[in-house]
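J.: Put chain D on the given structure of chain X with help from the hints.
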Amino acid sequence: MNSFNPTELMTRAFTHLRQNGFSLGVGELLAARRAIAGGFGETPQELFQTLKIIWCHSPAQQSQFLGIWEFLQIPSTPETAELTPTSEEIDEIELTQNTQLPEISPPLPETKAEVKPEPVIESLPVQAPSFTSLENEDTFRLQLHYPLNRRSMIYGWRHLSQLVADGPPNVLDVKATIEQVTQQGFYLAPVYRRQMSNHAHLLLLIDQNGSMTPLHRFTRELMETATNKSSDLQPEKVNVYYFHNIPGNFVYQDLYLTKPISLDEILANCDNGTSMLIVSDAGAARGYRKLRRIRATTSFLFQLKRYSSLIAWLNPMPKDRWIGSSAEIIAYLVPMYYMDKDGLSNAIDILRGQSLSSLD
Amino acid sequence: MSSVQRLEFTGNSHEPPKNRHPDSPKNREPYVVSDDLKKAVNLAIHLRRPLLLEGDAGCGKTRLASAVAYELGLPLYRWDVRSTTKAQDGLYEYDAILRLHDVQTRKVGEAEEQVNQTEDENEVRFNRNPANPRDYRKFGALGKAFRLQHVPAVVLIDEIDKADLDFPNDLLTVLDEPWEFKIKETGETIRANNRPIVLITSNKEKGNLPAPFLRRCLYHYLEFPNDPDLLKVIVDKHYEIEQEPLQSQLAQNAINRFLKVWNEGGLFKKPGTSEFLDWLKALHTFGSEPYDAERLIEENLLPYRELLFKLQQDWKKYAKA
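Protein sequence lines, in the order shown, are assigned to chains X and D. Residue 417 in my numbering sits at position 76 of the first sequence; the count goes up by one each step and never skips. Residue 351 in my numbering sits at position 64 of the second sequence; the count goes up by one each step and never skips.
This is chain X alone, in the form it adopts within the complex:
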């Protein structure tokens, strides 16, 4: 007769979940213990429900937890067999994070015969991306993997704000009102301050098509978060343009590269306070180093630098991929960062003009 020990099963589940990337702390462990003490985990099924409610925070995590729980239900798994699937897991995670075709790891079918392998992170069925109500779920799932998520983007844009008090005078200033009343001796009307408005001007240039096609979703999020209300940037002060590989004399106003506008016209609207952010792989995705591209990019960058010095470059490829490609050279001309949370915040620092470690 199996003696069911809820606390022990719960602790094992906790360690497995933490290994699989769930962000759980000691508080959650103690909460689970209190729940068990309160009688919420009499049978394995009940215990599973209880832990699902406490530890999972999205449908994706719930299905992941289900897989891990079923794996844990096999009682006689030797410790060594558990370790080998985990190391294969790590390889598989690395591979799925690069935008390459995932390699089929040969040792995995072997261990499958012996013991049910640890479930992969990607446990939801893959759906074709559709721009309907399913989109939220799709985007959310991808955010689990990609290093830069929507929240970081929004926080980044918020840091760009340059608040200047030049709006209409409609913010109530309580302190000033009280001071005025004490000086005057009577109260007539409240004192108003001018509303702050954001004077940050952002020029966002995004590489489209070709090697950037797999990253369209993320560049679109970058564009959306910059232009919607939550970023605190004024919509008329955010200019988004698209180009393919190299900007040249023309850039395009739309995603499909059909409405050209000349670079001079755009730059005429920029002044030395304009922040310019370029998002492109600069040849790092395919790994070619082409002199033509480097030369064209250089002249483009010099043209930008005539107007503003707040220029940064975001590269979706990680730093070790830049070596040997055009990106390596371009990285010497302009501050180039990898498109993750740290990279974005460093780039935003440069765009604000407040970075201490700028090289040029």
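Incorrect hints may have been included.
[Stated by the list, open to error] No more than 27 Å apart at the CA atoms, straight line, and that leaves these computed lysine-lysine pairs for DSSO-like: (1) D:469 - X:393; (2) X:516 - D:469; (3) X:600 - X:570.
[Said to hold, decoys possible] Okay, the calculated beta carbon distance ranges per label pair: (4) X:411 - D:344: 29 to 39 Å; (5) D:344 - X:526: 22 to 32 Å; (6) X:503 - D:418: 40 to 50 Å; (7) X:537 - D:588: 48 to 58 Å; (8) X:550 - D:597: 48 to 58 Å.
[Said to hold, decoys possible] Partial pick of chain D residues on the chain X-facing surface, computed with a CB cut under 8 Å: (9) 323; (10) 327; (11) 336; (12) 501; (13) 508; (14) 511; (15) 512.
These are computed hints drawn from the structure, not numbers from a lab. A quick note: this is a predicted structure, and the numbers were derived from the prediction, not measured. We put the CB at the ideal spot given by N, CA and C, even for glycine.
T.: Just chain D now, with coordinates in the frame of chain X:
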């Protein structure tokens, strides 16, 4: 602290408890609870952690709070979050300008110690004394819940994703030990005598909630009841409580037709339970007689489809059948 008996939510609201708080909902809420949801609510009550409810629109996230408060006889305080909401609004609001105004228009007397602090804020309003800052503070949903002496309250924080990104984090400091907040204008510290039961709903409109907040909450995802039997139970319960006449054949056909539409797919926005119930009501009562049940099954054209489809593409899809 008074002894708190073990509160349990069963979803069965036929016999409400005898001594209910005056702020508890007066009307019985027609709500059918699944076992998972029941468990989640009971866990939230036991652990006193907030319960985060996500799910499709119109599936009964907000109504759950009324159902829980009605069954347990607890007061329900509702906080509707908007895009400009700050965390402090749920705790208290302090009207400084009104106080300044009163100083000019009345004589300032000594600060009279109000012996009986009435819970009813509206009474205090007409009898304001500018020397006493307490007359100018008004408690929000969480503030009222904290001030209750004998029973815990049910606090509903509705649509938390509408607010600013920082809002859930600001809220976290209040919903955790030591369950207290300070009012700097009056110098009081309000501590919760009974920790409230907090239910939070979210539509995931603007992206994810912050990680420390999610960690603290319990989570449940409300799915659409894609089962004809389940829908029948919901319809029956709804009509039983509202005491309206129900045509069972019409209801059955409506359920089948609705599920057929829902499962067919190709809709940009799938209708939820509340839309279905509105549609059923229209079928029963909008015309001079209830809609013919047979016609509903045979005819291709969906009647009153504006109640179900809110996007032009969906509406057109069922226009020509």
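J.: Please go over all the hints and tell whether each is borne out by the structure.
T.: Structure-based check of each hint:
1. In summary, the hint linking residue 469 (chain D) to residue 393 (chain X) is not supported, as the alpha carbons are separated by about 35 Å, beyond the 27 Å threshold.
2. Under the criterion of a C-alpha separation no larger than 27 Å, the hint pairing residue 516 (chain X) with residue 469 (chain D) is consistent with the structure, at around 20 Å.
3. Straight-line distance between C-alpha atoms of residue 600 (chain X) and residue 570 (chain X) comes to about 25 Å, which keeps the hinted pair within the 27 Å bound.
4. Hint check: residue 411 (chain X) to residue 344 (chain D), Cβ distance near 32 Å, so the stated range 29 to 39 Å holds.
5. Judged by the Cβ atoms, the range 22 to 32 Å given for residue 344 (chain D) and residue 526 (chain X) is violated: they are separated by roughly 56 Å.
6. In this structure, residue 503 (chain X) and residue 418 (chain D) meet the distance hint of 40 to 50 Å, their C-beta atoms being roughly 43 Å apart.
7. With their beta carbons about 55 Å apart, residue 537 (chain X) and residue 588 (chain D) fall inside the hinted range of 48 to 58 Å.
8. At about 35 Å, the CB distance of residue 550 (chain X) to residue 597 (chain D) disagrees with the hint of 48 to 58 Å.
9. About 6 Å separates the beta-carbon of residue 323 (chain D) from the nearest beta-carbon of chain X, less than 8 Å, and the hint is met.
10. Interface restraint check for residue 327 (chain D): the shortest CB-CB distance to chain X comes to about 5 Å, inside 8 Å, so the restraint holds.
11. Restraint check, residue 336 (chain D) versus chain X: the minimum CB separation of about 7 Å is within 8 Å; hint holds.
12. Because the beta carbon of residue 501 (chain D) sits about 4 Å from the nearest beta carbon in chain X, less than 8 Å, this interface hint is met.
13. For residue 508 (chain D), the interface hint holds, since its Cβ comes within 8 Å of a Cβ in chain X; the closest pair sits about 5 Å apart.
14. For residue 511 (chain D), the interface hint is violated, the least distance from its beta-carbon to any beta-carbon of chain X being 12 Å, above 8 Å.
15. A cut of 8 Å between beta carbons decides the hint on residue 512 (chain D): the least distance to chain X is about 16 Å, and the hint is violated.
Figure legend: structure checked against the earlier numbered hints; hints not met, in rising order: 1, 5, 8, 14 and 15.
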